[in-house]
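Put the two chains together into one complex, using the hints given.
Here the protein sequences line up with chains A and B, keeping their order. Following the working numbering, the numbering of the first sequence begins with 1 at its first residue and continues without gaps. Following the working numbering, the numbering of the second sequence begins with 115 at its first residue and continues without gaps.
Heads up, none of these hints are tricks.
In silico contact screen, one side only, chain B against chain A (beta carbon under 10 Å); selected entries: (1) Ser-125; (2) Thr-129; (3) Arg-133; (4) Arg-137; (5) Thr-148; (6) Ala-150; (7) Ala-154; (8) Ala-156; (9) Ser-158; (10) Glu-159; (11) Ile-216; (12) Gly-220.
Honestly, the hints are just simulated from the structure, not real lab data. Computed from a predicted model, the values in this text were never measured in an experiment. C-beta atoms are modelled at their ideal positions from N, C-alpha and C, and glycine is treated no differently.
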Amino acid sequence: MPVSILKQRGYLIASIQSALTDTEVVEFRDSLLVEVAKHRSRGIIVDVAALDVIDSFVSRSLSTVARTNSLRGARTVVVGIRPDVAVAMSQFGLRLDDVDTALDLEAGLELLDR
Amino acid sequence: MFEEIRVHIASDADTVIARQKGREAALRLGFSRTDATFIATAISEVARNITVHAGEGEIILRGLSEDGRDGMVVIARDQGPGIRDVAAVMRHEYSSEAGLGIGLWGARRLMDEIDVVSQPGEGTTVTMKKWCGFDEVRLLLGD
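Next up, chain B with everything else stripped away, as it sits in the complex (with noise of 0.2 Å):
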């Protein structure tokens, strides 16, 4: 486990760092090398909507011990224009078009559970969990 880490994101510079310092998280956690790219896939997407959305914002990283098991916890947080319709946003179907949608869309096929909540003018905070345990890819390229 570890104290909890927290990135102030302004710039896309930001952005390459809290991703990697997800990574080491969740290495660090017992996670497969994997599931860590999942992770930090997850966080370029999410910290990319504060610096386009939101101009600035947090990415918070945390340990977690639940019912047994053991995960990390991610948490974006803006105080930008905030999102109207979340549900629709979450529905997004792919698109190569560049999005708010694509990015929430994606980190929650990569991540275990996804809570988004926002408001119009009071920003969003975005809450992903992954859970550590078996998977079968992890199996197949041996990490």
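Chain A with its partners taken away, still in its complex shape (with noise of 0.2 Å):
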């Protein structure tokens, strides 16, 4: 799976390195809630830069593992999404709920650390 997950403080930071197929965002969201419980993560952050779609399914996705991670007392930053991938999404009318943006992984750790 195109993804990487590393621990860098008390955070998780999962970073998608290319598009990933549907059965790939599955086990990606299986993982990602596999590790935050193993690793009592009160943050985590996902990197969604390499990521030029993110339709419905996705947005669902990354809604529930927030959701998820928040009735565990964890915040979930999404960063990078790209600004065409942005319009897009407004377009469309999807919603991330549960989970908060910021712009690239610096200002996620930033809006964690507050």
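Next up, the structure:
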């Protein structure tokens, strides 16, 4: 799966490296939930800068991860949504429920530190 | 303009291929990066409808030139179970639930025209068009 999940300070940083199939999105979602539980993470950053499409399936999966994490007291920040992808999501009417967003990894870490 | 592109859709990996080919074709036809992303996202939704509801089908991409306008047409075709009430599906309001509705609803908002022809038991054909043109977002994003 073209995704890396790293632990940095008390946070998990998940970077998606390339386009994902729906099957890979599900694997990513599930492995992220396992890692969050294993490391008792308080904050999770998901870097989606490599995604050139965020459709209804990806949006829903990110929201599921964030909602589940939130029930365990952990905050999820999605970073790196490309400008054209943001416009398409907005036009589509897609929402990221229970997800915080930041411009990039650095801004995401700042948000979690606050 | 390019020769017609056909992508056989039988798995979610084919969906990724179809949307990548759709993006490349759109950029070649002169669409902005943002419009190409709109088209790729719409393709992702209709291709998913094929794999989830019909199992397999096909995405066809063509350049368009009509009445002095240039554009692109995306046809998603399957011989799956079909849709009983197309109008009801197109009226779908946003919900986080999975389903046929959200994909077609989104595709309609991302593309300029959409036409859905379906008969129960005879499959579904979705024809979507987008026209090249000026848009404010393109200026805003500088692409």
